[in-house]
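Enquirer: Protein chains in written order, with this note's numbering: chain A, 1 to 200; chain B, 1 to 526.
None of these hints come from the bench; they were simulated from the model. A few of these clues could be false.
Unchecked claim - When the alpha-carbon atoms are kept at most 20 Å apart in a straight line, the in silico EDC-like pairs for lysine to aspartate or glutamate are as follows:
no.: 1; chain 1: A; residue 1: Lys176; chain 2: B; residue 2: Glu168
no.: 2; chain 1: B; residue 1: Lys266; chain 2: B; residue 2: Glu73
no.: 3; chain 1: B; residue 1: Lys167; chain 2: A; residue 2: Glu160
no.: 4; chain 1: B; residue 1: Lys357; chain 2: A; residue 2: Glu160
no.: 5; chain 1: B; residue 1: Lys357; chain 2: A; residue 2: Asp97
no.: 6; chain 1: B; residue 1: Lys419; chain 2: B; residue 2: Glu437
no.: 7; chain 1: B; residue 1: Lys419; chain 2: B; residue 2: Glu132
no.: 8; chain 1: B; residue 1: Lys410; chain 2: B; residue 2: Glu168
no.: 9; chain 1: B; residue 1: Lys362; chain 2: A; residue 2: Glu173
no.: 10; chain 1: B; residue 1: Lys150; chain 2: B; residue 2: Glu132
no.: 11; chain 1: B; residue 1: Lys410; chain 2: B; residue 2: Asp9
no.: 12; chain 1: B; residue 1: Lys172; chain 2: B; residue 2: Glu132
no.: 13; chain 1: B; residue 1: Lys410; chain 2: A; residue 2: Asp118
no.: 14; chain 1: B; residue 1: Lys438; chain 2: B; residue 2: Asp406
no.: 15; chain 1: B; residue 1: Lys32; chain 2: B; residue 2: Glu7
no.: 16; chain 1: B; residue 1: Lys32; chain 2: B; residue 2: Asp9
no.: 17; chain 1: B; residue 1: Lys362; chain 2: B; residue 2: Asp342
no.: 18; chain 1: B; residue 1: Lys357; chain 2: B; residue 2: Asp377
If you want the building blocks of each chain, they are given just below.
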Amino acid sequence: MGWLAGTIPAAAIVRGAHSASIAYLTSAPATLDALAVAILPAELGTGPIGQVVAGFRHWIDGYRENAELNHGYGNSRLRFTGPTPATRWAQQLDDLDAAAQAAHGASFAALTVAQRRDLVRPALVAERGIPSSPDGATHVGLALLGFFYASPLATDLCYEVSIGRNTCRPLGESSKHPVPRSKRSAGRVLTVRTDIEAGS
Amino acid sequence: MTRRAIEADVCVIGSGISAAMVADKLARETKKTIVVVEAGDDALPMAARGGARERFLGYGENPWPNDHIDGLEIDGPLQSRSMLVGGLAMHWGGVTPRFAPDDFRHRTIFGVGDDWPISYDDLDPFYQEAEELMGVAGEQGPRAMDPRSKPFPLPALPLTYNLGLLKEWASKAGIATWSQPSAKASAAYRGRPACCRNDTCTPICPIGAKYSPDMTWQPLRSANRIRLVTRTIIRRLVLDRSSGRISHAIGLDRARPNEQVEFHAKQFVVAGGYAWSSHLLLLSAQAGADSGIANRSGLVGKYLTGHRNVQAYVSLPLRLFPGINEQHSLLSKQFMRATGGDFIRHDLRIWESASGKGPRLKNDAGAVMLGDEILTDWRQRSATGVARVRSYYDVLPDRSSELTLDATRKTPWGDPLPKLAFRDAPASVALRARTEEKIRAVFQDLARAGNGQVIRTATDNFQDHPAGGCRMGDDAAASVVDSWGRTHDHENLFVVGAPTCVSGSCANATLTFCALALRSALEIAK
Chain A
1 MGWLAGTIPA AAIVRGAHSA SIAYLTSAPA TLDALAVAIL PAELGTGPIG QVVAGFRHWI
61 DGYRENAELN HGYGNSRLRF TGPTPATRWA QQLDDLDAAA QAAHGASFAA LTVAQRRDLV
121 RPALVAERGI PSSPDGATHV GLALLGFFYA SPLATDLCYE VSIGRNTCRP LGESSKHPVP
181 RSKRSAGRVL TVRTDIEAGS
Chain B
1 MTRRAIEADV CVIGSGISAA MVADKLARET KKTIVVVEAG DDALPMAARG GARERFLGYG
61 ENPWPNDHID GLEIDGPLQS RSMLVGGLAM HWGGVTPRFA PDDFRHRTIF GVGDDWPISY
121 DDLDPFYQEA EELMGVAGEQ GPRAMDPRSK PFPLPALPLT YNLGLLKEWA SKAGIATWSQ
181 PSAKASAAYR GRPACCRNDT CTPICPIGAK YSPDMTWQPL RSANRIRLVT RTIIRRLVLD
241 RSSGRISHAI GLDRARPNEQ VEFHAKQFVV AGGYAWSSHL LLLSAQAGAD SGIANRSGLV
301 GKYLTGHRNV QAYVSLPLRL FPGINEQHSL LSKQFMRATG GDFIRHDLRI WESASGKGPR
361 LKNDAGAVML GDEILTDWRQ RSATGVARVR SYYDVLPDRS SELTLDATRK TPWGDPLPKL
421 AFRDAPASVA LRARTEEKIR AVFQDLARAG NGQVIRTATD NFQDHPAGGC RMGDDAAASV
481 VDSWGRTHDH ENLFVVGAPT CVSGSCANAT LTFCALALRS ALEIAK
């Protein structure tokens, strides 16, 4: 993010950094694409990986700061979303690129998948797990994993059937064994929360 | 301060699910003019709910904007901040079991707590009426455990493939289960579409397959059968000392706080749920009602009730596919039956679950996995399934389980806020450990029957489906309202729904609140 001027007032820098980071992340940086290929399952296929990244960018673009969060049953506490994580994530992509240049003299996107993974792993060693949605992720790689693995597409891929979690499906079909997953029924690339439990 | 007066035959205070039942019945069966007063805003229109759901799914945002009022932060375990047209039932799960006959006869059967002044049979026709109004889908359980005089209005939500396997599993442990009754349309019903498993019943159904009170309010408003006044907080009920009747209610229009709004009516119905109903009666203390309206017994705000729960996750050698319809469950009332021994009763519900079976970042050796490694690991671990099991159990309320006026905290307009404290009666305190142990033993039996393993258990430290505060009874010295919800002290003042409950059973209670409210409406209509 070296394009931020050092003489602008701090608050303006913060505001500008947020919008610039979002613009940066949503404008198809090669590093994000390369990161996705390195950490998402290759079994997904090139096209769907691209859709996941596009969905992730869309998610970042739609993030609203200080939005009221759902106040669940049995809980009267109000909570709000925090600052956009985009600034941090954009910096982390730059850090990956810088690390690639330092280690291999090439951009992150120019490295092999194995070389990229070697650079990503140290950043994730301290993490506990894949979050149930991107917003809590400290690292952009973890956010991308959270985004994908919370999606109906990921569930279908794992179970190798078409479940279509959280999508509108005929009620009468629910008693049947889910049908094998096909490309036609690949499911949508949309993150959903995996931490919802039935209420009352 | 200016004054504005609104007149009607009946003034209903609150617009939650019990209020909707009362207003609907009065509108159908009488010619009375009805005004409904709601402190909160209108709910998000149906057309906008799909978008709100997407924001909830993607970002965790509250799908009900402006559903609470700032400044109403309460000391104590408030169930929800929701305060809008439709109340908390705008984001309920739509789960609608009935109480069991034994719930109304604790003293007679178990020698503890108090009997209700009505029986299950008294309430049965109103259960049916509520089920028809809300479009409840259900199946008849074993009659001894699940008595009812008429069929459900809608066929049961089908058991998912997962629940079919879990039902077989429970039967191996000798436990009869059936489809949880739910106010979700299993087929198109009265203008509502059939459920299509969007699976976000809590907090929001994007298509209106699940009943919510706005579905009652909207046609009543369109037909000008009621007048619904929003954003207006009732702060006092005013007593006519000569007649002992309530003469009017005083409200504050949040949009015009310098204007006093008076509601004059022949009958007043307090339908503010377990917290705000008692709060209003206590706030209304005045000459002739020194400790609050309807409070000669001193019991307004007392005997708050509900139920506790124990929950567990059980790993099973079953191939389950989480996500088919996660919010639907199996139900058993087998453990709600009277045994003549100690007062230990609980329900049992079973859900599919993915708990502990999600994708993970690190393998067992602690190494970070990337790419296909994560997927392969996830597949291996999800080859077998997990069930979530939970039992609500009965808690007898103590007199000191109470809502009081908080001397230290005030609303933005200067009234004391309520303060909540749930306390179990000594009989329940003594039984708590044994009750929870018995439930855990049931979970262990279930696990063994399926060659599975209980992987973790938990208890919530709050009472779910809270009720009480204006308990019903025949004795005016020991209760606030009679069995119809009419206050003992004021002939034209009713309290309806949750606050009138004597005890909280061990089952989701909303349908019972609705049935009680409909029974009250029958008396109000006279």
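Enquirer: Could you tell me which of the numbered hints above are not met by this structure, giving the numbers in increasing order?
Expert: Numbers 2, 3, 5, 6, 7, 8, 9, 11, 12, 13, 14 and 17, in rising order.
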